[in-house]
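Chemist: Could you build all of it, start to finish, from the sequences and the hints given here?
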Amino acid sequence: MTIRTRLALQFMLLASLILGGAFAVVYILSADYRGEEFIGRLKDRGMNTAQLLIQVDEVDERLLKKIEITNPVRLPDEVIHIYDHHNEELFRLGNADDGAIGPELLDDVRLHGEKVMDVGQREQVAFPFTDRYERFVVVASGNDLYGRSKLRNQGRVMIATFLIGQVLIFLVGRFYSARALSPLQRLSNQIRDITAADLSRQVEVGREQDELAQLARSFNELLDRLQKAFNTQRNFIANASHEMRTPLTAISGQLEVLLLKARSPAEYGASLRSVLDDMHALNRLADRLLLMAQAESKAPRRGFTPVRIDEVLWLSRSEVLRADPQNSVEFAMNDVEGEEDLLVLGNENLLRSLMTNLIENACKYAEDKRASVVLSTTGSELRISVEDKGPGIDEVDHERVFEPFYRATSTGGAKGHGIGLSLAKRIAELHGGRIQLVSAPDHGACFAVFLPKAA
Numbered sequence: 003m004t005i006r007t008r009l010a011l012q013f014m015l016l017a018s019l020i021l022g023g024a025f026a027v028v029y030i031l032s033a034d035y036r037g038e039e040f041i042g043r044l045k046d047r048g049m050n051t052a053q054l055l056i057q058v059d060e061v062d063e064r065l066l067k068k069i070e071i072t073n074p075v076r077l078p079d080e081v082i083h084i085y086d087h088h089n090e091e092l093f094r095l096g097n098a099d100d101g102a103i104g105p106e107l108l109d110d111v112r113l114h115g116e117k118v119m120d121v122g123q124r125e126q127v128a129f130p131f132t133d134r135y136e137r138f139v140v141v142a143s144g145n146d147l148y149g150r151s152k153l154r155n156q157g158r159v160m161i162a163t164f165l166i167g168q169v170l171i172f173l174v175g176r177f178y179s180a181r182a183l184s185p186l187q188r189l190s191n192q193i194r195d196i197t198a199a200d201l202s203r204q205v206e207v208g209r210e211q212d213e214l215a216q217l218a219r220s221f222n223e224l225l226d227r228l229q230k231a232f233n234t235q236r237n238f239i240a241n242a243s244h245e246m247r248t249p250l251t252a253i254s255g256q257l258e259v260l261l262l263k264a265r266s267p268a269e270y271g272a273s274l275r276s277v278l279d280d281m282h283a284l285n286r287l288a289d290r291l292l293l294m295a296q297a298e299s300k301a302p303r304r305g306f307t308p309v310r311i312d313e314v315l316w317l318s319r320s321e322v323l324r325a326d327p328q329n330s331v332e333f334a335m336n337d338v339e340g341e342e343d344l345l346v347l348g349n350e351n352l353l354r355s356l357m358t359n360l361i362e363n364a365c366k367y368a369e370d371k372r373a374s375v376v377l378s379t380t381g382s383e384l385r386i387s388v389e390d391k392g393p394g395i396d397e398v399d400h401e402r403v404f405e406p407f408y409r410a411t412s413t414g415g416a417k418g419h420g421i422g423l424s425l426a427k428r429i430a431e432l433h434g435g436r437i438q439l440v441s442a443p444d445h446g447a448c449f450a451v452f453l454p455k456a457a
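Counting with the numbering used here, you get residues 3 to 457 for the letters of the sequence shown.
It should be emphasised that the hints constitute simulated quantities derived from the structure, not laboratory data.
Fair warning: there could be bad hints in the mix.
What the hints assert, rightly or not - Here are the simulated BS3-like pairs of lysine-lysine, each with C-alpha atoms no more than 30 Å apart in a straight line:
hint, residue 1, residue 2
1, Lys-68, Lys-117
2, Lys-152, Lys-230
3, Lys-371, Lys-391
4, Lys-117, Lys-45
5, Lys-67, Lys-45
6, Lys-152, Lys-45
7, Lys-45, Lys-68
8, Lys-117, Lys-152
Keep in mind it's a predicted model, so treat the numbers as computed, not measured.
Modeler: This is how it looks when you write it as structure tokens:
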């Protein structure tokens with residue numbers, strides 16, 4: 003069932019409850035009014051009859067019956083009784099069955115006044131009538147044929163009106179629900195035309211400020227995020243393919259040269275060592291690409307545990323020294339009071355990759371291959387600074403050095419793929435931290451990593 007039909011049915015149900023309740027109230031009030039009106043007419047007929055019989059001397063019982071029988075205002079099946087103070091019947095007009103009228107009823111009327119009753123399909127009213135000398139009781143009854151017929155006709159009209167109204171309400175509700183949902187249908191058609199090949203297209207927001215406009219804006223923001231993610235993915239794949247092609251081309255070229263003619267054992271050894279170096283470079287590139295893919299995911303957050311950052315730094319230092327024995331790493335700790343100041347909540351492998359990349363870069367670009375690492379605390383954060391005495395980084399490159407595969411002009415032709423700093427920044431952000439760079443040409447570079455302490 004479509005939303006349009008569901009809204010129309012809900013609108014019809016709500017309207018039917020309101021309309022049906024209103025019709026029921028009107029019908030009940032009409033029935034009460036009919037009964038009160040007929041009882042009033044019965045009482046008037048009984049009062050007029052009693053006045054003629056008791057207060058007009060010229061009118062006796064026989065004459066009164068002749069008068070009343072031909073009275074044009076007489077009610078259907080009308081019966082009128084008049085009783086004296088001894089509960090003796092003085093007068094009776096009509097022959098319809100009026101039920102049993104006993105002394106208890108007459109005495110009750112004299113004590114408590116008027117009494118209204120239903121006798122089968124007939125209405126009956128008994129009331130006291132007081133003359134100058136005696137107290138009489140008048141009992142009048144009749145059959146409200148015309149009133150009931152009128153009430154039945156009114157009920158039929160109400161039922162027919164209710165049923166026709168339900169059909170009209172459903173059609174009107176369906177029309178207005180379709181009109182109200184037309185922006186949603188238009189939005190759906192526009193979304194259907196958007197494909198993965200062209201996420202730059204956006205849906206129309208319009209000038210409205212309703213929920214549909216908010217939905218359109220949210221969807222456009224989602225498209226922007228998807229477009230950025232797809233562009234990042236395409237760039238990553240293109241750059242990764244380019245970076246991996248270089249060592250693969252070098253390896254295949256060296257092997258082809260070796261196959262052209264017979265070589266001496268020394269030449270074979272030198273070529274194989276060169277191929278092995280290229281293979282190691284390709285292996286490191288693949289490892290960093292995998293780490294970057296892992297850092298781009300939010301999944302590691304679920305496996306975060308408390309990690310001592312000083313142990314991570316010592317492991318990173320050992321890894322950098324093992325990669326190149328000429329590297330030198332100085333390590334110091336300031337303002338660290340206890341073990342709780344050294345704990346961060348994170349993934350140890352990712353944190354070690356973050357520190358290793360920064361320390362390795364510092365050693366690689368420093369003329370003396372020396373890096374200075376200082377661990378300190380600043381309130382609720384840990385600060386790890388990695389400083390070198392290298393050529394520094396121009397200010398125009400401060401932001402771009404954190405982009406994947408970007409290399410600053412001051413690298414001086416040093417080997418690298420432009421992945422380390424982008425990976426370090428992403429890992430820091432994944433752990434709720436940040437990286438700051440302070441550098442100037444010919445004055446070295448200082449990368450400061452800020453990580454929140456574990457609660």
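Chemist: Determine which of the earlier numbered hints do not hold for this structure and return their numbers in increasing order.
Modeler: 2
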